Amino acid sequence: MGLASTGAPWFRASMSSGTFSLLSPRSPLSVPISPSRNVCLSSALLSRRCTQNFRRSVTENRVRKVSCSLLKVEDGINDEACELVSGVELSLGEGADNIQAYLFKAVKNNNGTGILLLSDVFGFEDSSTREFAYRIACNGYNVLVPDLFRGDPWGRDRPKAMFEEWIGGQDPQRVAKDIESSTKWMVDEFVAAGISKKLGIIGFCFGGGRVIEVLARDRGACFGIGVSFYGTRMDPSIASKISVPVLFISGDDDPLCPVNVLRDMEKSIGSGAKVVLFGERGHGFAHRPASPEEDGDAEQAFTTMRNFLYDGLVVNKN
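In terms of my numbering, the sequence shown has 564 at position 184, counting the first letter as 1, and numbering is strictly consecutive.
None of these hints come from the bench; they were simulated from the model. Source: prediction; values computed, not measured. A few of these clues could be false.
Taking lysine to aspartate or glutamate pairs in the EDC-like style, the calculated list, with each CA pair at most 16 Å apart, reads [said to hold, decoys possible]:
1. Lys557 with Asp537
2. Lys621 with Glu660
3. Lys577 with Asp691
4. Lys557 with Asp632
5. Lys654 with Asp632
Could you put the whole structure together from the sequences, leaning on the hints where they help?
Here's what the structure looks like:
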């Protein structure tokens, strides 16, 4: 069940003593957010327990609980330990540099770590992407999902023959600049507080390919770890510039993310790089499972990512 379809209470934003408080009229819960320059708050505060979050495969009318771990990374976690998560729409920057984004924050026992999540071609408002971001936040993180396409994501109702024309209109330099702006906001908001020294970055499909570019440019300055789910349009030649651990998750039957490309990048990055392949899985299975069988692999992929993030960002805060 995606977050876009949930009935969240409206909030009002107030400012006192240098912090914004998002106050829900239905709950006494107050979530402090530090005021950042050129940031506007809007939309709604989402406050619920992970046990209310369910996942359904695309082709089956089958629902299963999403399990989350906040305090410990282990199998068999009790759902009652799951955190509340707040969600808020943000407007970053001004004028031509303005971009929209969505921030998910663990409300209770927040570990202070920020994670940038880069969406697939369906954009930051897509329910599958927001559900995945919610689940990450449920593990104690602060997850920012920027609008990489400036209000023009790929739509399922568009003719497939138009895809290359559409993707060609997404200027790589503009996308890179928007990711840089989002990164700066995350650094100011979370790293500057001194709780977390480095950010994490995750991407699916189009976003998974951009993860490699971002880490190659960053060279460990802001990001301490990266996860690329079946990244597309990746350039293996820049992988040697990456100096932080990277987890690659993909299916071995995905023509958009060839296994040989992943193996080449794994070798180029060296220590810390890891490729995890799921047999007979195609593109998008981890965040868009299309069958009960893919549901199981999606859960395993999430657990693998969760443990990787925990070890790299929470246990080892370097």
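Straight-line alpha-carbon gap Lys557 to Asp537, limit 16 Å: Measuring from Cα to Cα gives roughly 28 Å; hence the hint is violated.
Satisfaction of hint between Asp632 and Lys654, Cα-Cα up to 16 Å: Between Lys654 and Asp632 the Cα gap is close to 15 Å, so the pair holds against 16 Å.
16 Å limit on alpha-carbon distance, applied to hinted pair Lys621 and Glu660: violated, 31 Å
Straight-line alpha-carbon gap Lys557 to Asp632, limit 16 Å: Judged against 16 Å, a Cα distance of about 32 Å means the pair is violated.
Restraint check for Lys577 with Asp691, where alpha carbons must lie at most 16 Å apart: holds, 14 Å
Taken one by one, the earlier hints fail for this structure at numbers 1, 2, 4, listed in ascending order.
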